[in-house]
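J.: Here are the chains, one letter per residue:
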Amino acid sequence: MSKGRFRTTVGAGLLVLLAACNQEQSAFAPTGAEAERINVLFWVMTIAGGLILVGVIVLSAVAICGRETLRARLSGERFIRGAGIAFPVVVLSMLLVYGFVILGAGASAPPSDNEMRFAIRGEQWWWRVTYFDADGNSFESANELHVPVGQPVRLELTTADVIHSFWAPRLAGKLDMIPGRINVLTITATEEGISRGQCAEYCGGAHAFMSFHVVAQTPEDFEEWMAKESGPAVKNENERAARGRELFLDAGCGGCHTIRGTAAAGAIGPDLTHVGGRHSLAAATLPNGAAAFADWISNNQHIKPENKMPPYNIFTQSQLEDLALYLESLK
Amino acid sequence: MRRMGPRSNLQGMGTLVFILVGPIVWSVHLTVIYGSQSLLCALNLSEDRSAGNAAVVTIILFATAVCIAAVGFSAVRIRFVHALIARGDPPADQMGFIVTIMRILAGLSILAMFYVGLGAVILPACDQLR
Amino acid sequence: MNQQYPAELPNKGPRPKEEVEELERIWATPKGFKLLTVVNNTVVGTIYIGAAFLFFVLAGILALLMRTQLAVADNNFLSQDLYNQIFTVHGTTMMFLFAVPIVEALGVMLLPQMLAARDLPFPRLSAFAMWAYIIGGLVFFSTIFYDMAPKGGWFMYPPLTLTEYSPGNNADFWLLGIGFIEISAIAGAIEIIVGVLRTRPPGMTLAKMPIFAWAMLIFAAMIVFAFPAVILATMLLELERSFGWPFFTAALGGDALLWQHLFWFFGHPEVYIIFLPAAGLVSMMIPTLAQTPLIGYRLIVVALIATGFFSFGLWVHHMFTTGIPGLSLAFFSAASMAVAIPSGIQVFSWIATIAAGKRPFRINVPSLFILGFLFIFVLGGLTGVMVAVVPFDFQAHDTYFIVAHLHYVLVGGMVFPLFATFYYWAPMVSRKMLSERLGRWAFWLMFIGFNTAFFPMHITGLAGMPRRVWTYSGYLGWDLLNSISTAGAFIMATGVLIFIIDLIRNFRFGGGGPENPWNAGTLEFLPNDVYSTRSVPHVTSREPLWDQPDLAQQVREGLHYLPNAPTGGRETIITSVIEAKPQYLMQMAGSSWTHVAAAVFTAGFFLLLTIKAVAIALISGVLAIVSFIVWGWQLDKPDQGEVDIGGGIRLPTYMTGPSSHSWWAMVIVMLVAASLFVSYIFSYLYLWIVSPEVWAPAGSPALPPLTYPVNSAILLVFGSVLVYRAGKRLPAAGQLHLPLLTPAMLILAAAFLAGSVGVEVLGHLRTGLDPSANSYSAMVYMGSFLTGQAAFATIILCAFACGRLVSKRLYQKRSVTFDNAALLYWYTAGQGLCGLVLIHGFPRVIG
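Protein chains in written order, with full-length UniProt numbering: chain D, 1 to 331; chain F, 1 to 130; chain G, 1 to 847.
Honestly, the hints are just simulated from the structure, not real lab data. Ideal Cβ placement from N, Cα and C applies to all residues, glycine included. Keep in mind that a hint or two might mislead.
Far from chain F by the CB rule (all over 10 Å, computed), these chain G residues [to be verified]:
#1 F312
#2 A330
#3 D636
#4 V717
#5 G727
Stretches of chain G that chain F covers, calculated by requiring three or more beta carbons in the stretch to come under 8 Å of a beta carbon on chain F [what the hints assert, rightly or not]:
#6 335 to 341
#7 418 to 430
#8 498 to 508
Assemble the whole structure, with the sequences as input and the hints as a guide.
T.: Set out below in structure tokens:
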């Protein structure tokens, strides 16, 4: 039937469009164990569903304009019992079992001693990430998750305020962060690379700007990164950056933010110890860089309305640049 | 075609309930297994879980078997079950219709309960599976 | 089933002309300003449908605003805050102010016609439901213009909607406004259930009922069980917002997931509440368009019932990503699979019926919309099965894939059949038919626009776009897909616009249109007037108009039952539940201001409470109760003796006990109250599972001594016995001396009820239990709150019965008012006893 062909063409066309899409946050381009299983499940169901849809269209077409003998075959309760009861029961039973098996595959291995364990806390509207090393020491970061490829990582998901949902589509499905509960999501990256994730449960105001990056690294790179990230902020000899550092401390930024190695030890906003080394600012709202820092400090309520940081217009242009350069230097 | 006493209206209500035996048992079944599983899993979370898990699976399979048997019995022993609920037979000229839809509903309910029981065979009782 | 047409018609012709004139006088629609007092179902139905359609258009405009905002990346057409309000109001309006009301409206409009009843059994109740809904709905919607609209999403998840994160009145407009409209939906449901079960024409057994009547019966029954859960949820949330009773605050032993359980226990059936009647309409139209009886009638009845039930086992389906155990998710995944089977049955029944047509399926506007529906609904059903598979939902949940799926199911499953309905049934109330040419334009624009808008969203969602984001970054590459969706939305809107133009050009309210233009077989296409059909046919098959070619003529000439108005007022035949044997003639209420006033003041009460104008709200509430009392005072008309309806059948004109329609309505009211209370019991036990540490005796003050609950229970039992004894002492008709003892017993019983609730609350207050301390204490007082609410209604009804007794309008043979008060009393006492057992027993058992 022409409608069916039209649909197929459109469907194929859209897949082409998709290929042109950026894949950074796409469930179609899995780089994690759970996401890979689900991707296969998706295509199996889509193809089967597509065939069923075409079948229904063909049967409807026959019912409307088919030959009398064909129409007669469709026009009894026998047809309904076959196509409407027996066929769905068979298909759905198979699908149900398949779904259960895939669900069961998500069972995490019994906790072992050397399993990696990170905590992620959703806050309106950013992510507080706490890393634990093998010795149980912990340090904080924000809006970016580093994981080693090939090792299961336990993510303990909690929230500081309302319900959020942690979703890194290329690695795994989402899991909600609910007050009073700790939900554990185990992810295993299968490929190196940077991907993006986003809060999936509407959490008020700036819900649209609550994203993050996941950096999957080789275990060696990851070890190296952990060693560097757990340390204090790098000292920068650049004169402007040093002025920026003074401004940071004098203006009271440390009331909300921590920069380890300085007097700034606030716990309200994101930890900025290595903020210059992250892939983005403000929960993946801005690209990282001095210009973006300056823009954010003075203009953040326009960039990300309702976020909890007030805009700071107390700085002169050159002060703002110094401050931005300092923050950018915190690699 | 004279008017009938109040009895027949209550019996009418009974016949409606009789038609719904399958789905009603299904809803009891879902309540029992979901309730008991949630409760046992919540109580067992911190302690040794294997005993609780076995209890959950046992309860689910037992409840499923009992409920499927009950619905199956009702679908076969039509008159007995109808008399139990509505005292007496359904109106003779309505018998065919009422029994047919009651039986198909019973069949669908049995299938639905079987599907639920299947989960307990394949999946662990309390894990989050994430 | 193939009975021959009765050789002798019930009544002999020709009938006197005055009969028609009398019917016209009795059933006349009020004119001018008094049109507001109307209760005739075709008029109320038309206004009701018009209002619901208005909300469809308004919410559709909001959708266009959202699509414009999302057309390109990093857009600033709407602000973040406004967008959040708009998507909340769009969803809320479409679900609560369009989908459910328009289906109830179609029920009001079509059911009496399909059942050849003069009207639904409680005409003022449906008019009340309509006015309450229109006032509440308009006020709710207008909040978007004043920056007062709720912005917590149509699902209103706490803690986001608690005062801490949503200060201001915005969220309260949702809670009180929508809570109130739900009450109006329940009123409509009671009407529909009693209407379908008791006002069918003689001979229309269950097996001969039009499918739409089946669908509406199940629809209404689902409302009775589903809506109380969300009403309880809104009460809990409003109590927490206003008084700090911590039902949802984790730190005080509450749980955010309790809301989700209650909300989705309503919310998932809601989808099927919307879909089933639409499916019923399709099952009515297809046989006419194919000119052949429906194939698989019994299977479709089964499918409707099974869907109704199984849809209550799916609610956790919306909570797959909340982290509850995998096996729990599996139960609901299984139920989701089971519910797909009935839908399959319906789809293939329709195809079979089309194939069985004696001539090829007619392609006209209704059939185009039906075929469009079939395609869209099947696609939406298939994606529904996909998201029922738990792991896939981990990805798809809360993304645009779900947006696509739910619109395929709801727009496909409900809006397309609705437009088919508009074209198909318009001739019932309009002098002119709608235009075939404009209709085809409307269909193709809507069909192409819909698929262009929503099909790409499946891909957008899995490409990573979450729901409810007001903008997205350009580099994610979602622009093109979103632009296509926006274009589609505007194409679809053009289709709706063309339909509106068609309405303006061709819809003219009033009789005299083409008679049975589609050659349908069901009773709504009998000749109609304000009094519905002139006489009520004896039904012997599912398509009486096909099987009895002269039926229309005979009915018009008054040769069937009840060709006149023997009691001199509005009346309709009440028949038995299963076999539809005539039982009595019900006397009905006519036009009135009372239910209009009741609607205005009830709406005023809730809306004024929202803006914290407590004093005026209370005045409005009192006026509402007064209106209800005046309204009720005019009902329960005295027995007129037996009357002849033709065919040698003489029917009484008054009935008490289980045969009475009002007994059935009262039983349904009790079911509503019971499901509200069961939701409460669930909530109590649920919070205990989550936070046993705050429960008495360890985490809260010990329970009051047993004397309190025992005294409370004794009062309930004594009160119930008193009511029973009072029932034995009703005066005889015309008795001169009024026995003062009977009203005194009723008043004493009412006082016992109040005393019982008082003793219970006092006991807890004495232990120092503070309702805002933790979730346990809040739940304890909530139990008394619910019983107190039921007691309040019961006390008013008892006082009302006393008034009727004293004014000699209530006696042994005219005891419906008393019966209702007694039923509600016993129910309230029963609920109170259950509450006492739970509150005082459970902590002692676990302690």
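J.: Confirm or reject the statement that F312(G) sits farther than 10 Å, beta carbon to beta carbon, from all of chain F.
T.: violated (7 Å)
J.: Please confirm whether V717(G) is truly not at the interface, meaning its C-beta sits more than 10 Å away from all C-beta atoms of chain F.
T.: V717(G) clear of chain F: closest Cβ-Cβ about 25 Å, beyond 10 Å.
J.: Are all beta-carbon distances from A330(G) to chain F longer than 10 Å?
T.: It is violated; A330(G) is separated from chain F by about 3 Å at its closest Cβ, not greater than 10 Å.
J.: Holds or violated: is the Cβ of D636(G) farther than 10 Å from all Cβ atoms of chain F?
T.: holds (18 Å)
J.: Report holds or violated for chain F covering the region 335 to 341 of chain G, Cβ cut-off 8 Å, minimum 3 residues.
T.: holds (count 4)
J.: Is the listed coverage of the region 498 to 508 of chain G by chain F valid when you require three or more residues with a beta carbon under 8 Å from a beta carbon of that chain?
T.: Coverage by chain F is violated for the region 498 to 508 of chain G (0 residues, Cβ < 8 Å).
J.: Any Cβ of chain F at or closer than 10 Å to G727(G), or is the non-interface label fine?
T.: holds (15 Å)
J.: Within the assertion that chain F covers the region 418 to 430 of chain G, do at least three residues meet a Cβ-to-Cβ distance smaller than 8 Å?
T.: violated (count 0)
In terms of the numbered hints stated before, the structure departs from hints 1, 2, 7 and 8, listed from lowest to highest.
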